[in-house]
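Q: Residue numbers (this note's numbering), protein chains in the order written: chain F, 1 to 203; chain Y, 1001 to 1627.
In short, the hints are calculated from the structure, not lab data.
A virtual CB, placed ideally from N, CA and C, is assigned to each residue, including glycine.
Do not rely on the hints blindly, as some may be mistaken.
[To be verified] Per label pair, the in silico range of CB-to-CB distance:
no., chain 1, residue 1, chain 2, residue 2, range
1, F, SER95, Y, VAL1064, 52 to 58 Å
2, Y, ARG1506, F, GLU146, 38 to 44 Å
3, F, ASP174, Y, ASP1393, 49 to 55 Å
The chain contents come next:
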Amino acid sequence: MVMRPWDPTTMISCYARKQNHSRLSMAFQGDLNLEATELRLGLPGTGDHERRTPPVGVGVTKNNKRGLPELEDGHREESTRTTKTQVVGWPPVRSYRKNCLQPKKTESESGGGVYVKVSMDGVPYLRKIDLKLYKEYPQLLKDLEEMFKLKGGEYSEREGYNRSEFMPAYEDKDGDWMLVGDVPWNMFVTSCKRLRIMKGSEL
Amino acid sequence: MSENNRHHPQQNHFCPAETMSEDEDPCRPSPPPPPPPPEPVSKKTRNCAAVHPSPHSDRVLEIVLEHVLQFLTVRRDRNAASLVCKSWYRTEALTRSDVFIGNCYSVSPARVTTRFPRVRSVVIKGRPRFADFNLMPQNWGAHFGPWVATMGKAYPLLERVYLKRMSLTDRDLCLLADSFTKFKDLVLVCCEGFGTSGLAAVASKCRQLRVLDLSDTEVLYDGVDWISCFPEGETCLESLIFDCVECPINFEALESLVVRSPALKKLRLNREVSIGQLYRLVVRAPSLTHLGTGAFGHPEPQDPNDQEMDYGSAFSACKSLVCLSGFREVMPEYLPAIHSICTNLMSLNLSYANIGVEQFKLLIQHCCRLQVLWVLDSVCDEGLQAVAATCRDLRELRVFPLNAQEDVEGPVSEVGLQAISEGCPKLESILYFCQRMTNAAVVAMSNNCPDLVVFRLCIMGRHQPDHITGAPMDEGFGAIVMNCKKLTRLAISGLLTDRAFAYIGRYGKLVRTLSVAFAGDSDTGLKYVLEGCPKLQKLEIRDSPFGDAALLSGLHHYYNMRFLWMSTCQLSQRGCEEVARALPRLAVELLSYEENEEMDNETVDVLYMYRSLQGPRDDAPQFVRIL
């Protein structure tokens, strides 16, 4: 796996290229750029965004007056919102099987579960995540931190992800390695091929 | 000894290990041994008696008996032998090497080890099946801990442990690895509670490990690379199954393990293993008989160029391959590579492979010897017709839903079922998920497939009638119990009235396992079954209008059953209490879905009851009330 050296000039020019690209395709990427430049009082990354919905298949029975203890109230509400006819444990297919097959269904329907591999320097295994499950960078970064047991870093819209020891980078469609957080979220999701958490010493 | 005693399990009912999940023989409760009748006199005994004094001839008889009883392997035979007299009881207990415990709470570990001191193999089953579908709250129980603690001391030579729906911790696995120096086979089906650390302990310490099978078992990835923990040098491994384990795998270590396991016959990889990696394993292990292919797609960037890999040749070299599964992230362009081995296949599991009709037909046309087939309904009725045309020897078919929801269009229907019934007359076991069905097709199957032992039809829309006539599905299921004389397992669905249950009670004389959901009109339905099915062992019911009166109509039978599960029915606490009073050896558990809610007398969320010799268990969580 060959990685281009971290060269600020190269990165800037790449970014500029991509920024132009993103302006041209703004119309197709929804209102993400407007959000990015919107003046807000809140911290970047906050604001009203949906919580991730629980996996399909976890529902609430409409015959029972009670749900199951392992469902939190929030999840229960979301489940009832997403589908009102689903019943717990019906049809009788084990959750493992349902979860294995669900992503396939999403791919054929909406054209997207964006699965990318995540590697981390010094760890011999890869993980895989679905970028479609996230709506924004802080969610993703938090999950990465949990997944690889990293200590918390800071994300700000202006400066991107700022972390002393580890830096998440991604390989884009052109084969270039970019820092996570530089480009608007939707653009990142469509262009990211794989993720790598690099050790600070290599930067 | 009165006839009544037969129904009371005053003794345990242990049985030798079963390799299949469905019991071959029902477990009979053994009453206490009657006072010994005069011992049977054989030539040998008489001669011995002539030469030696009396006590010695008793001992000789026992020795003879021990040798003879070694040949008894079937549970039912052993149970029968143990009832003859005290001497036979003792000798049988000494010679039983395989113990089967169908419900881990029916008896305490100490009681098992006291009665059977020389056990080499143990099968223990825990949670009831409906727990798989989130109908049982978490942490209900079925802990392996007490068992391994007791057996660790009593059975140092234990070789085999088979657990189904049990909870184990890493510590339990460590204790297992430390206690049993000759340990060979670990089979965990639908288990959970431990992580890769536990596996590492088993891998590193069980030097004679032959079988490590983790089917449908949840393993927590805690960072430990368990594959690397197998000792250096040749291993005894014959079977390594981890296809449902969602952990990353150190491929180099796995490859090395396969290379140094010359006896390896069964290898089922998880979906982390790419097709390129599979290729490397297959060329190194061409004598495999059972293969789970892992992803069967997603070549890694570091895999050598695809063109260099002749997948077709690699697979054709596996002349012994009879059982193929996996295809977890299948890329259809690779499927032709297995066409050459399809003619040898006896078992094919494509139930995680979302492949289209055409791809499937190209594959299945070669599988003329197939006996077991698991697929997704994405193969459509047309795919099932292709199966019917080719797989004349089919014994078992399972059709799983790609999209497990109600209210959607389904790709399979009565058309597929009818085709299968016409093309596969030797069918013994079927599990069929669909969105629409007709009585006519089910009746046809009952006529065309007289060897059916297991019939499980799941019409996914609740209360769905015959979609052509609008009638309930009573007649279809009625025909099944009437015509399939060997039927022991039945799962019903769709719109069903009490009439369906009348049929089951009238004709289902061999039925041992019955699964009911959203069915029936009144208590009468359940009464028909409890009064009519003498072999009923396992009854699981959800969301059906059966109440206390129905429950009480089964009092004569509950000691003969392994368990009864009723959730979201119309039972009240008082009804359950009455059962508990009438049958003191029954553990009557009431489970509540709400935490910390006072149970009112009106409704019971879940009733789970089972015969037990050990009294109420002491590890029940808060939401369980044992009457």
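Q: Going through the numbered hints above, which ones does this structure break? Give me the numbers in ascending order.
A: 2
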